[in-house]
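Q: Listed here are the chains, written in short residue letters.
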Amino acid sequence: MFFHIVLERNMQLHPRHFGRHLRDNLIAKLMKDVEGTCSGRHGFVVAITGIENIGKGMIRDGTGFVTFPVKYQCVVFRPFKGEILEAVVTMVNKMGFFAEAGPVQIFVSNHLIPDDMEFQSGDAPNYTTSDGSVKIQKDSEVRLKIIGTRVDATEIFCIGTIKDDFLGVINDPAST
Amino acid sequence: MSGEEEENAAELKIGDEFLKAKCLMNCEVALILDHKYEQLQQMSEDPMNQISQVFEKSLQYVKRFSRYKNPDAVRQVREILSRHQLAEFELCVLGNLCPETVEEAIAMVPSIKTKGRTHDDEAIEKMLNDLSLIKKFE
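Protein chains in written order, with the working numbering: chain A, 1 to 176; chain B, 1 to 138.
Next comes chain A alone, as it looks inside the complex:
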């Protein structure tokens, strides 16, 4: 799910950036530093949308760098265990398939794909029901439920399932 939240960060600025454009420089550096990063607690920082407040700068002993506490609003993407969302299938193999929902990767193991869907290898590997009516392949859109998350220092990785009511393929690229 996407959220709009307020975060705080201490920004260090070199004295050469001081002057009329101090604020602009600070914000430009903030955007460069945090946009696109990921933390386990807040998820992926997608975009900074506004600055709430810039606190008083503190000169650091010995270096001349000044630290400013900056409060900023941003759009983050944070997946939760138990959340249901839509995703695009990126890769299919006999172990299961990978899907992407925005910046996050989700793996759905073949144990968590309904039992009536069989793996078919070939040029376009896919999972298909015995009557061929439902097919999961690359670029399919699926609705899945996140059942586990693993948090790295710089990435969040999810495990999902489509073995539940109202989950599964919502749009097959081959059939449209």
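Because the hints were derived from the structure by calculation, they are not lab data.
These figures come from a predicted structure and were not determined experimentally.
Some hints could be false.
With the Cβ distance kept under 10 Å, some of the chain B side facing chain A (calculated, not the full set) [what the hints assert, rightly or not]:
hint, residue
1, C23
2, Q53
3, V93
Even for Gly, the Cβ is constructed at its ideal location relative to N, Cα and C.
With the hints as your guide, set chain B onto chain A.
A: Frame of chain A, contents of chain B only:
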């Protein structure tokens, strides 16, 4: 962190910080990111250079999965859903997935039926009807 282990969106356990935060539906994120992308485009010749992979992937994703495209419809969806005493998170799941039946809605947002809440099937059905109307007239 012990809170991490207990997190479960189905029971609305997403941590205090996120429970109080403003959730965004995919269509709202699309509006925000589009606007930001345009701003970047005006500032530099080659905006693709400036944006992160996370931004690019998110923009592609929300554009693909936005149920409502026009800003007025997006506003109406939020207004209708916010009349129903839903948590922000529940509101956005419903707005994103647009379930068609009451059964489906409860499967998508199980917390809607937990005890102490006043949503009966009729109220949920009315809410879903209102949503599909917006889609129809968009």
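Q: Each hint: holds or not?
A: Evaluated hints:
A hinted interface residue such as B/C23 counts as satisfied when its beta carbon comes closer than 10 Å to some beta carbon of chain A; here the least separation is about 6 Å, so the hint holds. With 10 Å as the threshold, the beta carbon of B/Q53 comes within range of chain A, its nearest partner Cβ sitting at about 6 Å, so the hint holds. Satisfaction of the interface hint for B/V93 is found here, the shortest Cβ-Cβ separation to chain A being roughly 7 Å, below the 10 Å cut-off.
Of the hints listed earlier, there is not a single one the structure fails to meet.
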